[in-house]
Amino acid sequence: MKKTMITLSLAVVATGVAMTSTAADSYPERSIEFIVPYGPGGGSDNVVRALQPKIEEALGGTLVIRNISGGGGAVGYNRAVNAAPDGYTVTTPNNANFTLEGLGNVDFTYGDFEYIARVVVEPYILAVRQNDDWTDFESLMESIEAGNRLSVGFAGVGSSTHVTAVAIGEELGVDFNFIPFDGGSAAVSAAMGGHVDAVVLNPNEILSAVEGGRLSPMLSTGEDRSDIFPDTPTMVELGYELELNQWRGIAAPKGISQEVKDKWVEAVKHAVEDPAFQRFALEGGSEVMPLYGDDLDEFVRRTADLMIPIAQSVQE
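For the sequence shown, the positions run 30 to 345 when my numbering is used.
Honestly, the hints are just simulated from the structure, not real lab data.
In silico lysine-lysine, BS3-like type, Cα no more than 25 Å apart, as pairs: (1) 290 / 83; (2) 298 / 83; (3) 298 / 283.
Here the structure is a predicted model, which is why all the values come from computation and not from measurement.
Work the whole structure out from these sequences, hints included.
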């Protein structure tokens, strides 16, 4: 009897493995919901829509993009993380995954996601309103040291631009006056109008203002200089230790099968090699820097270790 039960158990396990394998082989059998936790037209939304055609081509399926905004990304991420881990719901992570957790605004942690890929990165830029006294980083610091307290705008309380602005101030040893705005465009308008002295935003958000001579980029938090602001030094070049990029990628609820994850990785590799996507990234101030597997997991852990404590300090 015992031998018979063991045989039956093994048969059940084998059947389950076969069924899982078959499901993965036929994936996707229906449309995939791709949750963008922000409104249409933002950085994350644009990246997802630029990737969509080639990902659909590689997967042989349809992506249905859902813009679910609210709470600085909290509403959309909450829906994504609570979906079934079957590969039919994915989302686009960025540094908000860490800042939302650090601020205590969500019940989930960044570890509740399965990270499939990092696709693009872009630095944060400290840019100042046009001012003859602030022609470069050195003259800006001289002005601050002479007693000018810089007012710095960013896109929303607790956003990654807020957390990065705090990190820049701490690294420079400067007491900024932080001013939140409802989005990057509002912060840029305030700076151009002289209502704040500077902004901390991503390159694509300030590009037109810089090209129009209304804002001047002073420093970048990137690993290397931004391709669209090649004359702007990084903080590391200036002798500081802060190195931090915004990033945009693809993630799913924790627990998706390795087979489905592998299919997504291959689809992303196909998509990021597309010349049209690479042109899109370059024109938007992003750099295509894909990461997968262990390298991606290490990047996520390292960025979380930097961003979460700063977000917690903002909340205090």
